[in-house]
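Protein chains: 2
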Amino acid sequence: MKTYELIKKKRDGIELSRDEIGYMINGFVKGDIPDYQMAAFLMTIYFRGMSPRECVELTMAMVDSGVKVDLSGIRGFKVDKHSTGGVGDTTTLVLAPLVAASGGIVAKMTGRELGHTGGTVDKLLSIPDMNVDMPKEKFVEIVNHVHVGLIAQTASLAHADKHLYALRNVTATVDSIPLIASSIMSKKLAGGSDGIVLDIKTGVGAFTQQYEDALKLARTMVDIGEGVGKKVVGLITGMEQPLGKAIGNAIEVQEAIDTLSGKGPADLVDLVAELGANMLLISGVVASRDEGINLVKHNIQTRRGLEKLGELIEAQGGNREVIENPGLLPQPRVKIEVEAACSGYVEKINALDVGLASKILGAGGKTKDEPIDLSIGIYLNKKVGDPVRKGEPVAVLYSDGDKNKINPARERLLNAYIIGPARLDPPRLFYARVSKEGVEELQ
Amino acid sequence: MKTYELIKKKRDGIELSRDEIGYMINGFVKGDIPDYQMAAFLMTIYFRGMSPRECVELTMAMVDSGVKVDLSGIRGFKVDKHSTGGVGDTTTLVLAPLVAASGGIVAKMTGRELGHTGGTVDKLLSIPDMNVDMPKEKFVEIVNHVHVGLIAQTASLAHADKHLYALRNVTATVDSIPLIASSIMSKKLAGGSDGIVLDIKTGVGAFTQQYEDALKLARTMVDIGEGVGKKVVGLITGMEQPLGKAIGNAIEVQEAIDTLSGKGPADLVDLVAELGANMLLISGVVASRDEGINLVKHNIQTRRGLEKLGELIEAQGGNREVIENPGLLPQPRVKIEVEAACSGYVEKINALDVGLASKILGAGGKTKDEPIDLSIGIYLNKKVGDPVRKGEPVAVLYSDGDKNKINPARERLLNAYIIGPARLDPPRLFYARVSKEGVEELQ
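Taken in sequence, the protein lines are chains A and B.
For the first sequence, position 349 matches number 349 in our numbering, and the numbering has no gaps at all.
For the second sequence, position 69 matches number 69 in our numbering, and the numbering has no gaps at all.
One or more hints might be untrue.
The list treats identical chains as one, so a pair stands whether inside a single copy or across any two.
Claimed, not checked - 20 Å max Cα-Cα, derived SDA-like pairs, lysine to any residue: (1) Lys-8 with Phe-207; (2) Lys-162 with Ala-422; (3) Lys-9 with Gln-209; (4) Lys-390 with Gly-420.
For the record, the hints were derived by calculation from the structure and aren't laboratory data.
So here's chain A without its partners, still in its complex pose (with noise of 0.2 Å):
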């Protein structure tokens, strides 16, 4: 009966302690609370919310139920980073090698996520012989040698998390603040990083669509790494068209490796300025954001990042020439041109229709176990404010050839492309800085 006066309690509004929230939480991952229970008692989330202190006891249940990842032979101040997912999102591939070339330190577990293109773990799966699966060990040695590593999250991290989410899933409780923000956290904090930033993305490509939602979302998270006595950062990042250009696997990280060498998209330079800067700043590196941004964006210019890129392939078993010859990437098997239909500027590119356009193309993979083409993506030739050309290519398909695929992705990626008279600015890149100490504006 327990089970059932918390569902009730819930229900009615009333707070839970820390032990009947584990009691659920626990209950569910043996198997002692049926799914039909746990489906009433989302749901009462859902329309109830959490408190804070509600929320912290929900992620610290989640990190319980799991293996927690013990980094304490790293030496330093380990960062995290993670964003709550867009289009097109090469961050990763060039914020962790930037921020241990500056000084910070880079401990990442990325997942292999289903949406519209793959996971930070397909991207470097394109590398020939990048290896994302070692012993903790290996792992550690390689981060205190380079300073940066990035390997595949088990799957046993944060266990009742996957549980949960599958429930979720299907009962119509996945978009809720508390439980989206305890799910992003217990995975964060099982994995043991000492600091965190977090991109919230806000805009038609993103999950939390509405900027109060991200706010919602991002004091939340924010609240829940500093009520366990981590540094969490939370940034509200637009994302109302792609970010940078590459959307895919391989693509991306040559997106990646452009970037790194001083030839990328201002969107993606811009914001991986910011986003490592804030690391920097949290590890105590360096003294204000403005440093941060400096030092980030020195770096890019020196080819340190890109170096220290190098150094992290060589490390986990890849090839590193692919960074002087992304030709070693995996290539698609044909390239085809999407014309413009009308001439004038690009006013906007709807995010999600162009990450739909590469799940169609074939970047995502249908199921957990279909093996993904990783040559496949999408490159944007043109983005908001762009001048365009009638007939002129406004993007490139990479593709397998197959027709069904290429037909239904042009058509969906011309969709996504609204082309008028108007010379627009691109759009609102940054919004707000969310820490501890409050909300800031950001321009």
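With chain A held as given, fit chain B onto it using these hints.
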């Protein structure tokens, strides 16, 4: 994915169509929709409520999920009564014969409920040789001949309700007005009557303890019934203290016989007269409530109701001598007097505690299959407003002699009685009458 979308739709406060509600109920009954999705769906209904139209659709989907009883073989307007339950509610046994004796037709299917005490079926079964299970044809014949019949409800009536209730019971979704209303009304509508008088209890011994909730429940049920062309009236009545003086099975049959002999407790007589008058009014037998009340009371005085109970018992195979010789009913092994601990007036009797005391004694049975000792019960010598002297018995326990039951039952019963210096009026019995015309306050 359709189930997911319907959960989300209801979660977001969007009204569901008839087809959508039918899809959920049918899918659940067929086993296509798993318990965890139904649990989430029920919780969205708890939080979002349902529009009057949705309540009708839900009720009818539940009616359609099971067997519908065709009572068209019964001539005339068939009127039914339903009580939302309380403690010591002998009403049906008094009311049904009186309405029949007054010119109405009562073909009632009644439940074997799990609760503080047995259901009406258990009370009927304490009459020697009484038969409550028979083919429909036999039931129709009895009602056409005697104008009243009382049989056990089959489980296949409103099939969905049984499964939904089991799930609601473990997911804290029982106390939702649309779910309660559709559960009750689906069984009533499947039962085939033309008109229904609902007795919705409010007060400490009732399901809807607050008047506002009782009113909302009454309105919802009246709307559902009228929405499908039935005549429905809801009476909101008080359950501050137990109704009448008897709680149990055989003991309540005894009380019914006493009441039909003109020796009934005032509150039971008044409630029966009010319910009966409304049943006769919607049946078109009388032109006003006052006329109905007078007719019912007249048929108590003339013992025509008692005579009708005798006919009913005989028609259903029972020994009609019981109405003249109640000693034929099961008698308890021992009767134990519960003595007042102080002198004064009865200021309050907590109906819930009295119900629990009778349950402790064994009047209810713990599971559906455990046989009930029909002789067990409680007789209340004293009710609110009665003077009492220290040492005088306030109540009598009808017991099987088991001290492990007697002692805690006695304690619970003494707790139920508040004896003090104030001579109070009996608590309010009538609150309101709800019909399609609106809400009328009752005195």
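Right, here's what the structure says about each hint:
no., hint, result
1, Lys-8 with Phe-207, "between (30 Å within a copy, 16 Å between copies)"
2, Lys-162 with Ala-422, "neither (46 Å within a copy, 63 Å between copies)"
3, Lys-9 with Gln-209, "between (31 Å within a copy, 18 Å between copies)"
4, Lys-390 with Gly-420, "within (11 Å within a copy, 94 Å between copies)"
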